[in-house]
Amino acid sequence: MQLTDLTMLELAAKLAGRTVSSEEATRACLERIRQVDPKVRAFLRVDEEGALAAARASDARRKAGSPASALDGVPLGLKDIFLTEGVETTAGSRILEGFVPPYDATVVRLLKEAGLPLVGKLNMDEFAMGSSNESSAYFPSHNPYDLSRTPGGSSGGSAAAVAAREVFGALGTDTGGSIRQPAAFTNTVGLKPTYGRVSRYGVIAYASSLDQPGPMARTVADTAALLQLIARHDAQDATSAAVEAPDYSADLEGGVRGLKLGVPREYFTEGMDPEVEASIRETLREYERLGATLVDVSLPHTKYALATYYLLAPAEASSNLARYDGIRYGQRAKDARGLKELYALTRERGFGPEVKRRIMLGTYALSAGYYDAYYLRAQKVRTLIREDFTKAFQQVDAVLSPTSPVPAFKLGEKVDDPLSMYLMDVFTLPCNLAGLPGLSVPCGFTKAGLPVGLQVLGRPFDEARLLRIARAFEREHDFFLRPAPLQG
Amino acid sequence: MPVSDFQPVIGLEVHAQLITQSKIFCGCSTAFGAEPNRNTCPVCLGMPGVLPVLNQRVVEFAVRTGLALECTVKKTSVWSRKNYFYPDLPKGYQITQYDLPICEHGRLVIDTPQGEKVIRVLRIHMEEDAGKNVHDAGGGQSLVDLNRAGVPLLEIVSEPDLRDADEAVEYLKAMRDVLVYLGVNDGNLEEGSFRCDANVSVMPKGSSTYGQRCELKNLNSFRFLKQAVEYEISRQVDVIESGGKVIQETRLWDVNQGVTRSMRSKEEAHDYRYFPEPDLPPLHVSDAAIDAAAKALPELPRAKLQRFTSQYGLPAYDARILTAERPLADYFEACAAHYADAKKLSNWFLGELMRLLKEEGTPLSALRFTPAQLAELLGAVDKGTVSANAGKDVLGEMFRTGKAPSDIIAEKGLAQVSDTGAIEAVVDDILAKNAGEVEKYRAGKTQVFGFFVGQVMRAMKGKGNPTLVNELLKKKLGG
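Taken in order, these protein sequences are the chains called A and B. Under this note's numbering, the first residue of the first sequence carries the number 1, and numbering increases by one thereafter. Under this note's numbering, the first residue of the second sequence carries the number 489, and numbering increases by one thereafter.
The hints are simulated quantities; they were obtained by calculation from the structure and are not laboratory data. Watch out, some of these pointers could steer you wrong.
As the list claims (entries may be wrong) - With a Cα cut of at most 25 Å, we get these calculated BS3-like pairs of lysine-lysine:
(1) A:356 with B:570
(2) B:705 with A:340
(3) B:562 with A:380
(4) A:340 with B:900
(5) A:447 with A:303
(6) A:340 with B:754
(7) B:705 with A:380
(8) B:620 with A:334
(9) B:570 with A:380
Chain A with its partners taken away, still in its complex shape (with noise of 0.2 Å):
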């Protein structure tokens, strides 16, 4: 067994009792990343340096008997939407090229001052759009369970560098599914934790209302670990929660007996793919088994869910993508004459396809004359979205649904087809759209070898019981004890 083959904790506990350092730990993940890297093409920036002198100080605290959290020394990966101070940040565009922050996010201040070495930049959707990793500015990753798949979107670079144990773990982000889906298509755990619980600062805005930084790691476990350092009030962030985080590993194996899981019958419809559809059938009996009940819930605006986040979310985006106008960072038209086509052709050099059709769909959305049909529409649905959810967990403790409709799919195959692609999303969204914790847990294989995922959502801030709920069916199939058939 290979020193990356542990779980976070598990290096955790060693490190604890000091039979492997952190340095050791860390050169592992750097000879993993340069073995099987080349394949999976999850990093961006590999920060060895960096990842080095931190491992060296975590060490330093471990001789002197004072880590500085219960992951000091683990290291972890990136996606490249946080900023790091020093580290170049791209956000997986051109348009930031070359730009290195002069501070750090929130988050990546947390994890620094917790101890875990930080690895490297993971490669994602450019501005966290997109449901493949195929519309990186660079290049597109891939699943390692099946290198001719995408890995999923947009954190698809943080899920294919934790399911091909380069890393042990990582942060992502998800704005309509981009922790949870990638989490599915690669038999990794991901949490997107409730709006505000996470804090944004420092993190590169896709759309503000929705953007939600979370964990994405091996084993549940894990998530909660690496959750307990990052949920934390910012005052930095005025979305941020004024909300105490509770000790989320501290009931994980509290089981469901009693539970009431509710199933939406809006998301058992057409569409879906069988094996997906049978694996998660099974995945129910298994919890009802394990003591749960299940109950039929109804999410009856679900159906409008996709078209309201492809108003909001590229309503806000277009907003926040204006600074990016090649006056003070990242690249410039050099040969432009005069501001307004030093504009343009910076944002038509640096911006990919597909950040161009949002942004220009959400411009559309915002425009006078245009707002109250769609904009202030999308706002009021994403009212009745919530609801829904309200009154469901006025009835179940979580709901539980497929994370993905298909298992990962071929690259290359829905790049010309964005409607299909965005369908991709249409069980992660509505969680986006009404604030709430989700998770996706491993719940089985194809046939082909293609994981499965399941989704749990549950009440605001109620993450510590999707954990628990989560956990309860790891234990009884420690699906992800099956690595990636990657060859190094």
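Dock chain B against chain A, hints included.
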């Protein structure tokens, strides 16, 4: 139709920079005149990933202003984004308030030749300022200074209740006085911390439908406001007179040419794509906060002026000058508490004190003597301890040294001589030395009386009590 057949209609949008220590959404300094881009941080530079955090002081100032202008302060208001591209706008949008501003429906009273007039205030909202482009700084380049980006502003929008350029100027002056009194704005037009846009239209007299309006941007002095509005009125009348139509557009006042000039027409107008700012939750202001602000509201310039005329019996002219600035009014009242004759006090303020303050360039806050000491000096003049003229010298000395008036009078020997015997001796001496003049006087040429007074005062180095000098001279010359 001549201009006099038209009725101008004017509304003003006042932009007032709030005198907070830090910017509206970050901790950067708002100090004027710093080295370019010195007062900046990732937040006000609009770096990727940054988020705004509201400076609560800005809300306090907005509430205070709203209450002073008799507005309804909204308990819930909403931040919006106004989207447009410009190099001095780092985020590509300005955070402002749009359809749900913090204050609505207030009023400001102004004086017009026809008497008092109420100008309705439509709304007050908070927003961040943009930076500044510096063109042709060298090598034909344009540079950007973002020190001002994120400085908090209040925008106060009037209803179109103003009817000529003089009313517009009156309104702007009254608004400035109120904001400065409230301590929310420094009223500095030169540095651009108080400026306005004017919406101007004309309609035939008697009409009830407003004409097409034009917006005049960035008027940064009372004079420019008057000139620009007057020019614009006559321009619009000319357009209509010559059979044309006024088109809705934004115009700039060209200071050098003395004309307004088209900046952009309605067709080129921006679509700002306003929408609620997702990075800031709706703003809630509690009843307690509004009550506290209402209790802490100072007496406003207009009320103070009225009280100065009624309570102190001062002429309107005096009261206006004394209440023009809050520190002067406060100081006057502090002195009046020690000295009963308000008019006499006012004379000293308007004459000597203001002259000294102006000559020495000293702010009132730096005065070295107390209101009680000033009152003491005036009392000494009343009692004849010191002459009015010498009193002025004493005040000058108090101003420079902060010494007590009694000490100065003693040290400099300025005490007035009221000793009848001493004065009589001098009078006798002068009369004896000028027998010829005495003859003339007694022969009926009473004009020479002033000559004797002057001689006696000169001999006494100005310290002779003038009343006694006069009395004694009259008695001796008559005798």
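The hints, checked one at a time:
1. For the proposed pair residue 356 of chain A and residue 570 of chain B, the alpha carbon gap of about 20 Å is at most 25 Å, so the pair holds.
2. As the CA atoms of residue 705 of chain B and residue 340 of chain A are separated by approximately 22 Å, the hinted pair is consistent with the 25 Å bound.
3. Using a Cα cut-off of 25 Å, the hinted pair residue 562 of chain B and residue 380 of chain A holds, with the two alpha carbons roughly 23 Å apart.
4. Between residue 340 of chain A and residue 900 of chain B, the direct Cα distance comes to roughly 74 Å. Violation of the 25 Å bound is thereby established for this hinted pair.
5. A distance of roughly 30 Å separates the Cα atoms of residue 447 of chain A and residue 303 of chain A; the hinted pair therefore is violated under the 25 Å criterion.
6. Among the hinted pairs, residue 340 of chain A with residue 754 of chain B is consistent with the structure: their alpha-carbon atoms are about 19 Å apart, no more than 25 Å.
7. Only pairs whose Cα atoms come within 25 Å are accepted, and residue 705 of chain B paired with residue 380 of chain A is rejected, the gap being roughly 37 Å.
8. About 22 Å separates the Cα atoms of residue 620 of chain B and residue 334 of chain A, which keeps this hinted pair within 25 Å; it holds.
9. The straight-line distance between the Cα atoms of residue 570 of chain B and residue 380 of chain A is roughly 21 Å, inside the 25 Å bound, and the hint therefore holds.
When the structure is compared with the earlier hints, violations turn up for hints 4, 5 and 7 and for no others.
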